[in-house]
Each structure stands twice: as structure tokens, then as C-alpha cells.
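*Asks:* Each chain, written out:
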Amino acid sequence: MSGASGFSLFKRRNRSIIPGFGLTLGITLTHLTLIVLIPLAALMIRPWDIGLSGFWHQVTETRVLAALRLSFGAAFVAAAINAVFGLAVAWMLVRYDFWGKRVVDAIVDLPFALPTAVAGIALTSLYAPNGWVGQYLDPLGIKVAYTPLGVVVALTFIGLPFVVRTVQPVLEELDTELEEAAACLGATRFETFIRVIFPVIFPALLTGFALALARAVGEYGSVIFIAGNMPMVSEIAPLLIVIKLEQFNYAGAASVGIAMLILSFIMLLVINLLQRWSRRWAGV
Amino acid sequence: MSINIKNLTKRFGGFAAVDGIDLDIQSGELMALLGPSGSGKTTLLRMIGGLDFADEGTLLIEGEDATVSEPHARRVGFVFQHYALFRHMSVFENVAFGLRVSRRKPKISDADIRTRVMNLLELVQLAPLSGRYPNQLSGGQRQRVALARALATEPRVLLLDEPFGALDAKVRKELRRWLRDIHKGMGVTTVFVTHDQEEALELADRVAILNKGRIEQVGTPAEVYDNPASAFVCDFLGGGTRLDCVVADGAAVIAGARVPVVNALPPAGPATAYIRAHDIDLAEPGEAGTLSATIRLIQPVGPQLRLDLNLDGKVVEAVLDRHATTTPLTPGQTVSLRLRRANVYAG
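Keeping their order, the protein sequence lines are chains A and B.
This note's numbering applies: residue 484 is where the first sequence begins, and numbers increase by one.
This note's numbering applies: residue 12 is where the second sequence begins, and numbers increase by one.
So that you can see chain A by itself, here it is in the shape it has in the complex (with noise of 0.2 Å):
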């Protein structure tokens, strides 16, 4: 009895009193190996079957190089957009009060919630050449819809929120006294925001624009619509897959999956260093 109770009180005296550890880990390794691991690994598994040199042929193909060029630049061009706007929005947010504020505030997240076929008709109609807006910018020789413009508009459109949610908390926590001080220092409205108040929410900045990278990467539905999907001009990746599968091209799909993968996870792994680096004052 003594030996035991003994026994309990010594794991007691190394047990943190943050409770759950271990229900915690076991609940994330299992639910990312089921969600995450086990379908990427079966993505990883599948195009060997036509062995390395048939997957390198699959993904040098000038037309996959074409969609996969597309998919990033223009998400990144988009991700890019969106820093700089959503910036703004979650400036004017969080540091002005005016009226119809919250309304904008809910609209931000709009994007999250429409389906993004509706959102991808919607802006079609908006930038065909008749459209509303496409009506004014087609004199001008501005073509949007069915280019590569058009895949960055649409991929703008999802990727606002990201940023402005991610920016906005940051922004609140900022203090005012940094930007007094840096006033009476002598620092002009300029000076300070470059120097004392960008380099605070540049990593939050960087995390939503890998969120708002990510997501346009990945995205199909909205702009199959506006895209117009000419093979080498504005087809993306994602497409090429589903078009690949159609024609039971499963070791194609699978390989382009696998490049876009890969790139992926490259680009979100240098944006992660870019970020410790950008937040190397806040490590002890």
C-alpha cells in the first residue's frame, strides 16, 4: 500500500500542471495522420507506378509547366495584392471609426463563406467584356476575364480575409505610446510607420499572405469561371488535375498533385524562415 501510494506521489511531483498533454498529442497525431498524412502519402505512393521518369515527363510537360507557372505566379501576384490592401483594411478597421464600420467589418469575411463557383459567375459577369465593369475596361484594351488577369482577380477576391484577419489583432495590440514616442524622438508620420510600427506586424503581415498564398494556390472553384481555361494562357494546375483524372489519367493527376506539393511546401518553408528572421527580437 505505502509503496504504491509512494509510487503515485513521485509521478505526481513530475506531472505539469497544465493538464492533458498526452490526450492532446494523441488526439493531433492521430487526426493529422488520418486527415492529412495517410491522403498525402497515398498522393506520394501513386504516381510510381510510372516510375521517376515517367513522373518527371508527366510535370516537364510544357503545358503542366504552363498551369503550375500560372497557379503560383498568379497566387502569388494575388497574395501580393492582398497584402498591400488588406493592410489597409485592417488599418482603417482597427484605427478609425465610421459609420457602416461594422458591416464592413463582416463583409471581409464574405469570401470565406460564398461558395467560390458563385463567387467565380459573379465576377465573370462583373469583367466579361459586357459586364459591368468589363464594359469600361474593354476600350482600354483591358481584357479580365478569360486571361491570366481574370485567374488574379478571382484569386485576390479569396484571399483578402486572410490577411485582414490576421493583421487586425495585431494592429489593436499595437500600442499608441510607441507611435508618441517616436514623435517626440523627431520621427516624422512616414518615419514611424516604416520604422516602429511595420516591423511589429510585418510577421503577422507575412502570415496572412502565406495564408492568402496558399489558399490561391489550391483554389479551383472560382476561377474555372473566370479564367476561360485556354491550355498554356489561363488554365491552372488544379484544373489540368481534374482534366487529367477525366481522361483516367491517374498517375498525370497524381504527379501534378505532387509537383504542386512540393512547391508548396518549399515556398510556405522559406516564408516560415523569413518569418523567425523577421521576429528574431522577439526569441530570447
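The set of hints was computed from the structure by calculation and includes no laboratory data.
Cβ atoms here follow ideal geometry from the backbone N, Cα and C, with glycine treated the same way.
Check the hints yourself; a few may be wrong.
What the hints assert, rightly or not - Listed next, with one range per pair, are the computed distances between beta-carbon atoms:
# : chain 1 : residue 1 : chain 2 : residue 2 : range
1 : A       : Ala563    : B       : Asn146    : 24 to 34 Å
2 : A       : Met527    : B       : Arg125    : 49 to 59 Å
3 : A       : Ala563    : B       : Lys118    : 26 to 36 Å
4 : B       : Met129    : A       : Thr671    : 23 to 33 Å
5 : A       : Phe581    : B       : Asp76     : 27 to 37 Å
To be verified - Listed below are several chain B residues computed to face chain A (Cβ distance under 8 Å; list not exhaustive):
#  : residue
6  : Gly60
7  : Leu62
8  : Arg114
9  : Ser141
10 : Tyr144
Since chain A is already given, all that's left is putting chain B on it; use the hints.
*Replies:* Just chain B now, with coordinates in the frame of chain A:
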């Protein structure tokens, strides 16, 4: 550099945070703005610094009108209660910030910046930590960085908002002494805000006591402590126990005992007396002019013996010298008190 404040008023909504304040601060002076929270002391300091602007009145710095000028144009250094350090910059870069901004003309060379920053860090004893980031420093060290940063631009006036408010007692005491030394060494006109009367009395050349947006009294620490101009000032500066009394024949009569009055005597009649804990002695039982009270609680605190006494149903605090008190005291015991002096205010 002297500061002249005339009829300064600041309203937030309908509420006057600062309500027609007149105050002259001499060149090189170390001035404390003392008051409870909501008394307007921080708003007044922020208006001197150009972080808030007055609705009415004028503010002169060194004779020039600075009522509406920008903070940098006033050449003031501001130290915030929560330091407001740039956490993404090293200690060195924080201090150098004011020297690197584009408004600084003529431009200072990197070598000159380096010498000046290192001199300042030497002064605040943080030179070895110049490469650290703020979150790697203790609260006291952060506040010293904030001070060095404020001093780097060679301000005409140094403003500190509750500079030691967020620090523990020991560090606070150290920093007080050290701020005094720096002020002595540099001679820069300094205004600091505090709600801690001990801090104000210990540190300042003169103290301005604020209440509800107005100044109640301005004077040296000894003046305001010895001769509080109002019941509020007396109460705020550790006034002690408040007792009803009657003013008669040039003294205050409390429960039949005559007590000498320190301040200007109010007109004869009922009044309020404040008795400081240090001004109460134990007396021989039955001695003339003493009061009888019972001991409720005895607390030895370091060199002091603190007593809670019951005087006709009112709780009176007394502080005795622990080593000079030879008579044994026990709770419940009845003792005789002599009140040495009182501050008395009408009403």
C-alpha cells in the same frame, strides 16, 4: 528651461480633465505633479509634451509659445510608464532612434551616433547590454533604456509619466536615487507625474498637488508636508486620522483635550482635525491634556510599532519608535494619548 502654464484647460467630452491650471516651472527644476488617478496630472504632462493639446490657455517653453506646436518642435524628452520601447530594435538602436530620424539637421555621422549612444548607455549603466532586445531586459533596465532614449536628443525638458509605477519597491527606490543624480548632473528641467506621495516628496524640488483638474498647492516637499493648504492636500500627503474638533482660544479641542494647530487657524467653531500617526505619543495615565483610548491591534513593522487605537469609537493610527517603547502593550489595554499637533480645516 522654464515652463509657464497659464489657464490651461483640456476637456474630454463634457469633462474637464485639466481645468484652468496656472503653473510656473523654473529652469533646471525637478518638479513633481502629484495627485490621485483622474486628477489630470498625466493630461497636464501630455500637454506639456505635445501629445495632447489644450482647449484653452497657453503654454510657454523658454518664453516661446508652445501651446499647439508639434512634440519634436518643443524638444522635450518623454518617458512612458510602460517604457514604450521599440521591441524590434536593440537597446543601442532604441537609444539611437532620435539621432537617426530625418528631421535631425545637420545629420549626425554614424561614428558620432555611436559615441553618443554609448556614453548615454554608460550613464544608465547598460553599456554591456547594448546588443540586447527590450524583452531580454528587466523592468528597471527597460526604464533606464527609455530614459537614455529620451535624453539622446538633448531635450530642453524631460517629462516622465509615472516612471517607476510598474516596478517593484526595491528597484523603484534605486531608480529614484539614480534619476536624482542624473538630474543633478545634467540640470535638465524635469517634470514627473506620480501618485506616490513618498516618491514626490523624496525626489522633487517642488511638488504640485492636483485634484479634479486643478492645482491645490505648489511648494517644496517640506512646505506642502508641514503646511498643507487644504484638507485634500493634508489627507493626500498622509494626513493621518481625521477627527472632529472645535476651534477655540487658538487651539483645537478634541474630546476635551487641547491640541496645538500647525497650519493657519480656521475661525472658531466646529472643524476637522488631521492627526498624523507620528504625532501621537503615549502619556502617563491621568496626565493633563491627554485622551484615553484602547488598543485594538499592535503591529511591529521594522523599527516602528504601529498601533490601531479605539478613541470614542473612531479608529486612530499611531506609530511609535519600537525600541523607545519600553512599557509593555497588549491589545485591549487602555492607554493615555497625547496629540502633539494637528492640521485643522474649517468644515
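*Asks:* Taking the numbered hints from earlier one at a time, note which ones the structure violates and give those numbers from smallest to largest.
*Replies:* 9
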